[in-house]
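> So the chains spell out like this:
Protein chains: 2
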Amino acid sequence: MKFNDVLENLTNYEAGKPIELVVREFGVKEKDVLKLASNENPMGTSKKVQKALKKAAAHAHLYPDDSMFELKDALSSKYKIKPENIIIGSGSDQVIEFALHAKTNSKNAILVAGTTFAMYEIYAKHTGAKIYKTQSKQHDLDEFSKIYKEKKDEISVIFLCIPNNPLGECLDRKDVYKFIQSIDKDVLVIIDGAYNEFATFKDSKKEIKPKDLLDKFSNVLYLGTFSKIYGLGGMRIGYGIASEQIIKALSKLRAPFNVTTPSLVAALEVLKDEKFVEDTLKNNLKEMKKYEKFAKKNGLEFIPSYTNFITFLFKKQDSSEICDKLLRQGIILRNLKGYGMNAIRITIGLPKDNQRVLKALKELL
Amino acid sequence: MKFNDVLENLTNYEAGKPIELVVREFGVKEKDVLKLASNENPMGTSKKVQKALKKAAAHAHLYPDDSMFELKDALSSKYKIKPENIIIGSGSDQVIEFALHAKTNSKNAILVAGTTFAMYEIYAKHTGAKIYKTQSKQHDLDEFSKIYKEKKDEISVIFLCIPNNPLGECLDRKDVYKFIQSIDKDVLVIIDGAYNEFATFKDSKKEIKPKDLLDKFSNVLYLGTFSKIYGLGGMRIGYGIASEQIIKALSKLRAPFNVTTPSLVAALEVLKDEKFVEDTLKNNLKEMKKYEKFAKKNGLEFIPSYTNFITFLFKKQDSSEICDKLLRQGIILRNLKGYGMNAIRITIGLPKDNQRVLKALKELL
Chain A
1 MKFNDVLENL TNYEAGKPIE LVVREFGVKE KDVLKLASNE NPMGTSKKVQ
51 KALKKAAAHA HLYPDDSMFE LKDALSSKYK IKPENIIIGS GSDQVIEFAL
101 HAKTNSKNAI LVAGTTFAMY EIYAKHTGAK IYKTQSKQHD LDEFSKIYKE
151 KKDEISVIFL CIPNNPLGEC LDRKDVYKFI QSIDKDVLVI IDGAYNEFAT
201 FKDSKKEIKP KDLLDKFSNV LYLGTFSKIY GLGGMRIGYG IASEQIIKAL
251 SKLRAPFNVT TPSLVAALEV LKDEKFVEDT LKNNLKEMKK YEKFAKKNGL
301 EFIPSYTNFI TFLFKKQDSS EICDKLLRQG IILRNLKGYG MNAIRITIGL
351 PKDNQRVLKA LKELL
Chain B
1 MKFNDVLENL TNYEAGKPIE LVVREFGVKE KDVLKLASNE NPMGTSKKVQ
51 KALKKAAAHA HLYPDDSMFE LKDALSSKYK IKPENIIIGS GSDQVIEFAL
101 HAKTNSKNAI LVAGTTFAMY EIYAKHTGAK IYKTQSKQHD LDEFSKIYKE
151 KKDEISVIFL CIPNNPLGEC LDRKDVYKFI QSIDKDVLVI IDGAYNEFAT
201 FKDSKKEIKP KDLLDKFSNV LYLGTFSKIY GLGGMRIGYG IASEQIIKAL
251 SKLRAPFNVT TPSLVAALEV LKDEKFVEDT LKNNLKEMKK YEKFAKKNGL
301 EFIPSYTNFI TFLFKKQDSS EICDKLLRQG IILRNLKGYG MNAIRITIGL
351 PKDNQRVLKA LKELL
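Just so you know, the protein sequences line up as chains A and B, in that order. To convert, note that position 306 of the first sequence is 306 in the UniProt record's numbering; the numbers rise steadily by one, no gaps. To convert, note that position 215 of the second sequence is 215 in the UniProt record's numbering; the numbers rise steadily by one, no gaps.
Where hints are given, some of them may not hold.
[Said to hold, decoys possible] Taking lysine-lysine and the DSS-like style, the derived pairs with C-alpha atoms no more than 27 Å apart in a straight line are:
| hint | chain 1 | residue 1 | chain 2 | residue 2 |
| --- | --- | --- | --- | --- |
| 1 | B | Lys252 | A | Lys54 |
| 2 | A | Lys282 | A | Lys362 |
| 3 | A | Lys80 | A | Lys107 |
| 4 | B | Lys47 | A | Lys209 |
| 5 | B | Lys248 | A | Lys130 |
| 6 | B | Lys47 | A | Lys252 |
[Claimed, not checked] These stretches of chain B come out as covered by chain A in the derived footprint (C-beta under 8 Å, 3 or more residues):
| hint | stretch |
| --- | --- |
| 7 | 60 to 66 |
| 8 | 92 to 102 |
| 9 | 250 to 264 |
| 10 | 317 to 328 |
No lab work stands behind these hints: they were computed from the structure. Cβ atoms here follow ideal geometry from the backbone N, Cα and C, with glycine treated the same way.
Taking the hints into account, I'd like the entire structure generated from these sequences.
Following this line, the structure appears as structure tokens:
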């Protein structure tokens, strides 16, 4: 059977190995598996969310409220914007998909950093669009500007991942705003703020406020997620914030019931759990320092991180070998070989988790 | 901002009104709202599923096992097929989306029954494809054949909804097989079996066996869902079964983590709850007869149904008016005016629910 041409250029996203797989493949006991590969929240699921999910268990047979009225209302209050400026996705991933299906096609292109979230490229390829990347792996706005000017006729979407996944670096807000000002109003600039809460906690110059974006620009889409700071990676829920015109266009591509009933319940509940968020931020910043100290002490290069993970760059050792050896001990980290880097991304865990990782890593250096 | 041309022809799917909306808009107390509009399972959520979901509540922060190993394994056993013949979607809706993005584009077309599941058309339009519909609202295979022959150069996907939603009629298996045999192997025939369990229980001639399809045809995609007989409408999970070649192509369009962790848990659990399924089928068939009897007694036309709903066709009354009046009493049914019919689709409920609906309806005739 023949399929559409675009399928020929598609590859699947390689996700972090799930715990279940390590149990199956390496016979490690489930309780001994430590997964610090997917930037999940090491504090676990908020207790308040757990309670709400248990209560919601009896309503799994009912379709979700597709208006998502309550969650949009809560997000409006949080960000001081209108519900009409919000779209909810099955993860912010899905909002990326909507945006690219709305703007890109085989005749235009996207512009992204040299090494950034893989789904930008994958979804763009679904539409047949071309991908332009900066030569520098990390975000370099001068290079973004240069390529943009050269390929102005083609570029219809620009992604800025602030802070950047999987590297961890973060642009300053003022530079981002200045850059957006230089971009044509018909080009959609997507600010992926999946980890922005972590950056903001470390350095207020990194904070991107969706309301600011709405007030200043008609062509910006801000992405937020419940998968990271809010600890709902398993629930697949995130959101996009933009002008009403953009939200209306994206909504045309949103299938009904794209988010599950328990996901809506969980997201609504975790927004109320401020202590959970605060504890997560504090643990992250404190524990991150241990990794930095370890790297310095052992002569490892690392990228100063504004996220809940840190990326170690290897010279002597091979990142694939290290990841493989750790995997057999039940420690799952993210090898960045697939991104063309001899590097490992490690999610910051709880104190005992980090101790275990650093001890195991030390033995392999 | 300009968007891709296809967006101009898109409209959103109108879902059944959620309970929350009736509570908000008409001030009906939540406990008094009766929703028989979305073909949800009136038996509620399986007790076994509820227990499993409560247990899973503590793991909402962990990304799902994207290999979906366990669920594919369970479905393989159920249908006596290989895991490689299965793709899991966020509802079978999403598998429809994958299939259309894989096969259709602005240069080809789909063929569907005059009145059938609206998402076929909506997703096809996302790709810019043309839509051919039979003149008869219900499935008429002669008409399908006629149009197929006339538009052979264009048609790349054919949908058969067996039984049909939102009308309820059902083709016989032998006629379906004969029809597929007459179709070119490069055309994808999609058999939507969302309600097939109900049809099979009523009349074994209607049973479509995915294994038969795999053995006989290389160009068929069977769709199943956990939203109906399995009572997991809120969990957004369904599946597609086809040749490995088709599954591989569709998998390229599947985003990672398209199904939530609790949805995988729930689906796996409900497959084990045979009693829940049996009770659902028995209640449905028994209660359906009350609606048929009511229709005959009151001179209402109806379509003999092989599903968990029944469609009443009105002559004297206006379906919109009736639905509106019932809504104010807290009864939500599905008005089919949007499908160009003066008709109402009613999900078969529990005995007390059906009694309430028929009593209220009687007063409006």
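> Hint by hint, note whether the structure agrees.
Okay, the hints, checked on the actual structure:
1. B/Lys252 to A/Lys54: violated, 34 Å
2. A/Lys282 to A/Lys362: Cα-Cα ~25 Å, so holds.
3. A/Lys80 to A/Lys107: Violated, at roughly 37 Å.
4. B/Lys47 to A/Lys209: violated, 44 Å
5. B/Lys248 to A/Lys130: At roughly 23 Å apart (the allowed maximum being 27 Å), A/Lys130 and B/Lys248 satisfy the hint.
6. B/Lys47 to A/Lys252: violated, 37 Å
7. 60 to 66: holds (count 7)
8. 92 to 102: holds (count 5)
9. 250 to 264: Coverage by chain A holds for the stretch 250 to 264 of chain B (13 residues, Cβ < 8 Å).
10. 317 to 328: violated (count 0)
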